[in-house]
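Participant: Those protein sequences? They're chains A and B, same order as listed. According to the working numbering, the stretch in the first sequence is residues 1093 to 1382, in order. According to the working numbering, the stretch in the second sequence is residues 25 to 430, in order.
Hints listed in this document are in silico derivations from the structure and should not be mistaken for laboratory results. Hints may be right or wrong, so weigh each one.
Covered by chain B, per the in silico footprint, the following chain A stretches (three or more residues, Cβ under 8 Å) [what the hints assert, rightly or not]: (1) 1130 to 1137; (2) 1307 to 1317.
The calculated lysine to aspartate or glutamate pairs, modelled on DMTMM-like cross-linking and capped at a C-alpha distance of 25 Å, are [what the hints assert, rightly or not]: (3) 287/B to 175/B; (4) 1268/A to 1187/A; (5) 287/B to 1223/A; (6) 196/B to 336/B; (7) 287/B to 1095/A; (8) 337/B to 417/B; (9) 205/B to 1095/A; (10) 287/B to 1226/A; (11) 106/B to 336/B; (12) 337/B to 1226/A; (13) 205/B to 175/B; (14) 205/B to 237/B; (15) 205/B to 417/B; (16) 106/B to 87/B; (17) 1271/A to 1258/A.
Virtual Cβ for every residue (Gly too), placed ideally from N, Cα, C.
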Amino acid sequence: MVDPVILIPSLINGLTTGALYALVALGLTLIYGVLHIINFAHGAMLMMALYGVFFLNRLFGIDPYVALLIVPPAMFAIGYALQRGIIGRASHGRDENILLVTLGLSIIIENMALYFFRSDTRTIETPYSFEVVEFAGAFVPVAKVVAFFGALVTAALLWAFMSKTDLGRAIRALAKERKGARLVGIDVDHVFAMSFGIGVACLGVAACLLMPSYYVNPQVGYGFVLIAFTTVVLGGMGSFVGAMIGGLVIGVVEAMGGLFLGDSLGQFGIFAIFILILMFRPTGLLGHKV
Amino acid sequence: MKTLIHTPIKRRQFLAGAGTAALVTGFPAVLRAQEPEAIRLGLVHPVTGFVSFSGTQCRVGAEMAIADINAAGGIQSMNGAKLEAMLADSQGRPELGASETARLIEGGATGIIAGYSSAISLATSQEAAKTMTPHIVDVGVADNIIQRNLENTFRFAPGFGSVANSAVEALKAINANGDAKTAVIIHEESLFGTGTAELLAKELPNIGIEVLEVIRHANPTRDFTNIALQLRSLQPDLIIPANYYNEYVLLARTLRQQRIAAKGIYSVLGGAASNLQFVQEFPDAAENIMDCNHWYDPNSEVAVQRRAAAEEKGLFYTYEIFLAYNAVAFLADAIERAGSTENEAIIEALNASTWDNHGMPYGPTVIENGQNMGAQAVNTQVQGGEIQVILPEEFASAEAIFPVPA
C-alpha cells in the first residue's frame, strides 16, 4: 500500500522529470511536427550535446548553465550543417530517405562516441549537484527546479519565435505548403536548415539543464528518444505548448505508475497513453488536422 | 643496329638464379611452418548496448591476459603457441551472443570466454555446448548457468548463491550488535538482480533482519526519486542495492539528494560500490558504502601488479577486468596441461584444475560440475576514499564501520 505522505512529493517529482522530457521533445516537435522529418538521430544528438557539456565542465571548468551560451549555438551550427550538407542532399526530398539518413547518422554518431570516449558512464559534480529545495514536503533537487523553469522558458521562446518572427512564419508556411512557400520567394533549403538547426539547438539547451542531474554515455539517448516521440504525439505534432503539457503528463504518469505498479512497470502507463492517443485522438492534445 | 645492353641468360645461370629466388622467398614460409599455429579464443562481450561499459572492461581484461600469456612464451606444451583473440559484440542481447558464439566456433575458436551478464552467459554457453567447445563464464553470476550440467561450461568466479550466502554471513558478523533490524532490497530486473534479491529476501530473516520491501526497477531507469521516497516512508536500517553501474550511480546520488539516512548501504554485487570510478567521482556519496562483491586479494602481489598494469593503461581496475583476465588464464592453464586443442582434453584439464595464480581471495581451486568451489566474494567498504576489504578476516585490510556515522 502506498503511503499517502509520498504522493505529493512523487507528483512534484513527476512534474520536474516531465519538464526534462518536454525539453528533449521541444526540438523534436519542431523537426518532426513542423518539417515532418522523422529524426532518428535525435537521441544521438542529445548524447553529443551532453558530451559537449561534460567536456566543457571537465576540461575548462565551465558550469553547465554557463555552457548554455556555448552548447546550443554549437548544436545549432551542427544541425544547420547536417541538414544543408547531408540530410537535405542525401534525402532528395523523399521522406523515407530522410528516415534512413538520420538512422545512419545516429549509428555513426554513437559509434564515433564509443570510439573516442569509450563506453564509460560520465557524470559531473557541481556545487549545487546535491542542493535541494524543500517544497510541499518534497526535496526537489535545484537542478530539476532549474530544468523545470528552463523548459517553460524555452517552450515560450520557441512559441514566440514561431508566431512573431519572419523566420517563424516562413517555417510554418513551409510546413503547410512547400511549393507555395517556394513560389513566394522563401529560400526553402535555408529555412529547412534553420529549422533543423533550431531543433538541434533545443537539444543543446536540454543537455545543459540535464547534465547536472544525469549522466552521459554513448547509449544515453535511447532512454529519451522514445519518450520524446511519445511526448510529441501526445502534445500534438508541432505544438510547443503541447510538447510541454505532454512532457509533464508523461512525467506524472511515469511517477504514479512507478508508485502504484512498481518501478519496473512504471513505464507501462506511458505507452498505454501512446496507443490510446493514436486510437482516439491522433492529432494529439493540442494538435489540429492538416 | 648495335645492341646497347646484351645479357643473354644461360641455362645454368637461370637455374642458379631461380634456385636462389626460391630459397629467399620460400624460407620465411619454412620458418612460418615451424611456428605453431595460434590458438584462437573467442571473447563474446556486450561492448555496445546498455551494459557496454562493463562489457568493454571484460574485453580489456581478457585481452590483457592473452597479451601477458603470449609475452611469457605462449602455451609451452604446444611449442609456445600464441593465443589469439577473436572478438564479438553481443550488444547486451542473449540471442546475438549465441549467434556470435556460433560464428566464432565456426571460425576456429578453441574456447569461448563470455558473456558478462547472466542472461548472455546462459545463451553463449548453451550454444557452445552444441559443439562441446569449452566455455568459461567470466562474470555472469546466475546459478543456473552452471546447474544445467553442461559439460563444456565452467566458472572460475562465484555464483550468486554463494555470494548471497557470503553476504548474509558477513552481514551477520557486521551486525553482531543487532543495530540493523530492517532492510529494503532494490534490484535491477534481469536474472542477476532478481535472483540475488530472491535469495537475500529468503535468508535475511534468518539473521534477524526483516525485509520490509523488495523494489525492482528497469534498465535503464532515468529517475530514482520514487524509490527514494518509498525508502523515506519505510525507513529501513539497511538499504541493499543489487544493480548495474549506471543505475547505481543515479540511485546513490538520489539517496543523497533526498536526504535518505540509513544505518548502512550494503550492496550485494552492486554495480558501483566496488568500482574505483564511482569512488573517485563521488567520494562523498561512496564513503562508507559496503559491498559484497568480487574483489582481488589486496595482499596478493600478482593482483597488485595486475592492477598497476591496468592503471598504467588509464583503466579503472574494476571486477570485470580481473574476472575476465582470470577466465582466460584459467582456460589457458587447462590448454597448457592438456597440451592439445581438442575439446575433450581441455574439458578434462579444466575439471582437474587446481590453478592458483589468480590473485583472488579464494580457497583452493576445486572444480565441481564446472564451478570453482574455492571461489568466494569478499566484503568491501569505502573508507577514506579507498576500497578496503573488511571480511573475511584473513584478507581484510580494514575493519568494518557500522553503523555508519550520521
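Participant: Provide an ascending list of the numbers of those earlier hints which the structure does not satisfy.
Facilitator: Hints 1, 3, 6, 8, 12 and 13 contradicted; others consistent.
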